[in-house]
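Same order as they appear, the protein sequences are chains A and B. Note that numbering that gives the first Met the number 0 numbers the first sequence so that position 28 is 27, with each residue one more than the last. Note that numbering that gives the first Met the number 0 numbers the second sequence so that position 130 is 129, with each residue one more than the last.
Treat the hints with care, since some could be wrong.
Estimated spans, in silico, between C-beta atoms of each pair [claimed, not checked]: (1) A:184 / B:32: 43 to 51 Å; (2) A:47 / B:236: 35 to 43 Å; (3) B:163 / A:136: 53 to 61 Å; (4) B:177 / A:194: 53 to 61 Å; (5) B:85 / A:100: 38 to 46 Å; (6) B:179 / A:268: 38 to 46 Å.
Read the hints as simulated data drawn from the structure, not as lab findings. Positions of the beta carbon are idealized from the N, C-alpha and C atoms, including for glycine.
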Amino acid sequence: MSDTAQAESVAAVADWRPNERTVWRRVMLLGGGGLAALFFGLPVAAIFYLAFQSGLEYYISKVVEPATLHAIFLTVLTALVVVPINIGFGICAAWAITKHDFPGRQVLGALIDLPLSFSPVVAGVAYLFLYGAQGLLGPFLIAHDIQIMFTVPAIFLVSLFVTSPFVARALIPAMQSEGNTDEEAAISLGATGLQTFLRVSLPNIKWALLYGAVLCNARVMGEFGAVSVVSGKVRGQTNTLSLQIELLFNDFNTAGAFAAASTLTLLALVTLAIKTIAETRQGRVGRDRG
Amino acid sequence: MSGRRAIPGLALTLGTTLVYLTLIAFLPIAALLLKAASLGWADFVSIATTRRALSTYRVTILCAAYATLFNAAFGLLLAWILTRYQFWGRRVLDGLVDLPFALPTAVAGVALVTLFVPNGWLGQWLEPLGIKVAFALPGIVIAMAFTSLPFVVRSVQPVLMEMNRDVEDAGMLLGASDFQIFRRIILPQLLPALLSGCALAFGRSLGEFGAVIFIAGNIPLKTEIVSLLTIIRIEEFEYSSAAALAVVMLAAAFVMFFVTNALQIWYGKRAGAR
Numbered sequence: 000m001s002d003t004a005q006a007e008s009v010a011a012v013a014d015w016r017p018n019e020r021t022v023w024r025r026v027m028l029l030g031g032g033g034l035a036a037l038f039f040g041l042p043v044a045a046i047f048y049l050a051f052q053s054g055l056e057y058y059i060s061k062v063v064e065p066a067t068l069h070a071i072f073l074t075v076l077t078a079l080v081v082v083p084i085n086i087g088f089g090i091c092a093a094w095a096i097t098k099h100d101f102p103g104r105q106v107l108g109a110l111i112d113l114p115l116s117f118s119p120v121v122a123g124v125a126y127l128f129l130y131g132a133q134g135l136l137g138p139f140l141i142a143h144d145i146q147i148m149f150t151v152p153a154i155f156l157v158s159l160f161v162t163s164p165f166v167a168r169a170l171i172p173a174m175q176s177e178g179n180t181d182e183e184a185a186i187s188l189g190a191t192g193l194q195t196f197l198r199v200s201l202p203n204i205k206w207a208l209l210y211g212a213v214l215c216n217a218r219v220m221g222e223f224g225a226v227s228v229v230s231g232k233v234r235g236q237t238n239t240l241s242l243q244i245e246l247l248f249n250d251f252n253t254a255g256a257f258a259a260a261s262t263l264t265l266l267a268l269v270t271l272a273i274k275t276i277a278e279t280r281q282g283r284v285g286r287d288r289g
Numbered sequence: 000m001s002g003r004r005a006i007p008g009l010a011l012t013l014g015t016t017l018v019y020l021t022l023i024a025f026l027p028i029a030a031l032l033l034k035a036a037s038l039g040w041a042d043f044v045s046i047a048t049t050r051r052a053l054s055t056y057r058v059t060i061l062c063a064a065y066a067t068l069f070n071a072a073f074g075l076l077l078a079w080i081l082t083r084y085q086f087w088g089r090r091v092l093d094g095l096v097d098l099p100f101a102l103p104t105a106v107a108g109v110a111l112v113t114l115f116v117p118n119g120w121l122g123q124w125l126e127p128l129g130i131k132v133a134f135a136l137p138g139i140v141i142a143m144a145f146t147s148l149p150f151v152v153r154s155v156q157p158v159l160m161e162m163n164r165d166v167e168d169a170g171m172l173l174g175a176s177d178f179q180i181f182r183r184i185i186l187p188q189l190l191p192a193l194l195s196g197c198a199l200a201f202g203r204s205l206g207e208f209g210a211v212i213f214i215a216g217n218i219p220l221k222t223e224i225v226s227l228l229t230i231i232r233i234e235e236f237e238y239s240s241a242a243a244l245a246v247v248m249l250a251a252a253f254v255m256f257f258v259t260n261a262l263q264i265w266y267g268k269r270a271g272a273r
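Bound conformation, chain A alone (with noise of 0.2 Å):
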């Protein structure tokens, strides 16, 4: 190579990486955000303005409707019901797989993760011919005169099967991360395990343990084909957030339905924000350790 040609590449470098200053960059970030800015803007902005058109006092008025306030209400109920049984299954999922080495601990691993393989109306159907009356455990439900499909228990059991993997999801990672170094100290020191768990383990993972939680939530709250199977969907009763939308929308009550929308919406982003705060903090905690 000449000096020049080898002089003109080590330009070329400089110019590209440090700065990046090629047409490729600013064809990309335009193509790519403004692709992205239309991909997640344009849907959320429609549910706040259709909400919002007719002002703020008829919003109030359409989601304060006793049929959507008892939507609200039974999704809060459901999340508060499965979001804690399943970080308590996070929590032992991922202890048992992080801090302990047996065989087919890989194929465990990849089975927690299963449901999210499902089709939620899977899931639902599932349910059915297991619970309903024309159901595995059918007969012996209604010989002891029994009801749990389209009733709020099924909607709580379906809920769990659709959630579970979220907080063991996020907590595996992080307690891979960490090792078990501190633990087998504190083990050795004479604490017990539980008091390892909650003074050692547990505020190295307290973020991780948080965004999966928060992920849970939301999906808990926004869950819609596996709920639709089981819940019935009698009006006042057992139609959850999402199912009161999807009626609403159906009896063209546009403004009842974006409404409703709004509220988990809000909740969407909220969890999105806190999502990614807890993710920077966790790395942090991670990398300050590591």
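Following the hints, put chain B in place on chain A, whose structure we already have.
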């Protein structure tokens, strides 16, 4: 005292995990499989291959494939600008990528159909061009693409971030064009992660329900997806038909689950070999 001490709690946590998974996940799935098995093979096949069922498979697979192709390109582009460039609003965009996961699918569904109906914000521009999105196949593609985009971005992003850029510089110094650098240096390193992200996105699109049903129009034999037909069968009390369709979806989900895990193992091996 010497050596590592075992951390306690294995029996308790592993036991809880297995019992919980069995009760909450395996038992219902087993009940579904039993129900479908009670049909017998011949009945199962005839129910699962009616003209209407076959049309829902075709619509679902076709739209999921288009949505995944779009996301392969758009997801890669987003991951690229998020990892390679500094720009105003980068952190916000990075957070917004997960919006489709955080936003309930029914909310996404009503928002998308409202944008694309002929007098909607986007529909009013597409209608004069003769492009029909809402209540047609393109609408289904858009709904599936919206809900599955984060899978591709989040799979590709960490690989791009860790990629050693010396090789790219070397390629450029040796006179490779931008396209050659992308095609011969960047893409081979990204491929396993990109494919595994696409497999996740495709799997999610096959099962997507909430976002799709509002925009699809749900015309039998034209724009009806498998999960909707399953629900219709339940509402008609055609339980064996619903069981058969659900098992077909379950089988598809298992195939995608194994494909994704195989890709991740391949990708893990490559990362380890590097």
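Checked hints:
1. A:184 / B:32: 43 to 51 Å: 47 Å, holds
2. A:47 / B:236: 35 to 43 Å: Holds - the Cβ-Cβ distance for residue 47 (chain A) and residue 236 (chain B), about 40 Å, lies within 35 to 43 Å.
3. B:163 / A:136: 53 to 61 Å: For residue 163 (chain B) and residue 136 (chain A) the Cβ distance comes to about 56 Å; the hint holds.
4. B:177 / A:194: 53 to 61 Å: Since the Cβ atoms of residue 177 (chain B) and residue 194 (chain A) sit about 57 Å apart, the hinted range of 53 to 61 Å holds.
5. B:85 / A:100: 38 to 46 Å: Because 42 Å falls inside the window, the suggested range holds.
6. B:179 / A:268: 38 to 46 Å: 42 Å, holds
Checked against the numbered hints given earlier, this structure breaks none of them.
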